[in-house]
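Given the coordinates of chain A, assemble chain B onto it according to the supplied hints.
As they're listed, the protein sequences go chains A and B.
At position 11 of the first sequence (counting the first as 1) the number is 10 in numbering that gives the first Met the number 0, and the numbers step up by one without a gap.
At position 122 of the second sequence (counting the first as 1) the number is 121 in numbering that gives the first Met the number 0, and the numbers step up by one without a gap.
Since the hints were made in silico from the structure, they are not lab data.
Just so you know, not all the hints are guaranteed correct.
Computed list of lysine-lysine pairs in PhoX-like fashion (alpha-carbon distance at most 25 Å, straight line) [claimed, not checked]:
(1) B:Lys168 with B:Lys93
(2) B:Lys25 with B:Lys168
(3) B:Lys26 with A:Lys13
(4) B:Lys26 with B:Lys168
(5) B:Lys93 with A:Lys13
(6) B:Lys26 with B:Lys93
Please read these numbers as outputs of a predicted model, since none were measured by experiment.
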Amino acid sequence: MTTAEEHKAKGSGKDLVVYLCVLALAAIQFVIAYQNIDGSQMFVRMLIVAVIEAGLALLFFMHLAENRGLLWFVVIFTVFVLLAMQYGWTDSFRLSVGVAGAK
Amino acid sequence: MSQADLTMGGRPAGLTAGPAFSVPAKKMAMWLFIIADTATFAACLVAYGFIRNATPNWPRPFHSITNVAIMTFILVTSSLTMLIGVRAARAGDKAGALRWTFITAAAGILFALLHVREWLALIAEGMTLFKNPWGTGLFGSAFFSITGLHLTHVTGGVIALIVVGIRYKGSRYNADDLEILGLYWHFVDMVWMFVVPLVYLLNLAH
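Bound conformation, chain A alone:
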């Protein structure tokens, strides 16, 4: 087996393992959907699993694990944007339950 073929075979093996992990995590999300738990707890659990799935896809499918500089650039930029979008949540609670202390 040539070096290029060896490299390809080794890489394909890693890809398959990551693929199976992502599939398993997706299956866990479906299992969580049928658990008899509170809606907010279900949301948090599903979101955690989704973030892990996305992390695996980013690191191994999109090869960010091989470029630390780009990894930090993407993560810091994206996380900042995502966090900036969270400011409106309290207002959505205000719409559903009203302003705290108001009659």
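Coordinates of chain B only, in the frame set by chain A:
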């Protein structure tokens, strides 16, 4: 400081530095697009969460997870086939790369068809952009907007896979171009990982 230190080949020295993060320009452009698109999808999903949280009678119309489970399996598997295609291209196996790229496109088409079938079933039950038989009319607009945006990305990806595949076959594109397209395809897959729990699984009828 000599003139040679200030200029290299007639250009200022700063412009001759290597590409950012040692990533080729085309690949960097795709990463910037992915980051911008992440913000777009995140805005849609956060807005959806806001509406869902603030609306008391939010509909839960999904009785079965079979269709969405099959769609998820197809999309995640298409990411694997894309990876195999890119690895084949990197190893110089042109026929293999082309075969796996077209298998990925076929998986994308299958995903889109299942998606359209699901939409048609919901429309047949009386769901439109502005009303549905189960509760607030906002559900239809949120559902069709988010899944429609994702479906548009899948459709665009399938077209790109076919075009790049054909041009790769004609040697106009190379393995780098396939890899860059692969980045986009994995991104589409990644977005689906968030759409499924938020839009489908949290709206299962128990």
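Those earlier numbered hints the structure runs against, lowest number first: none
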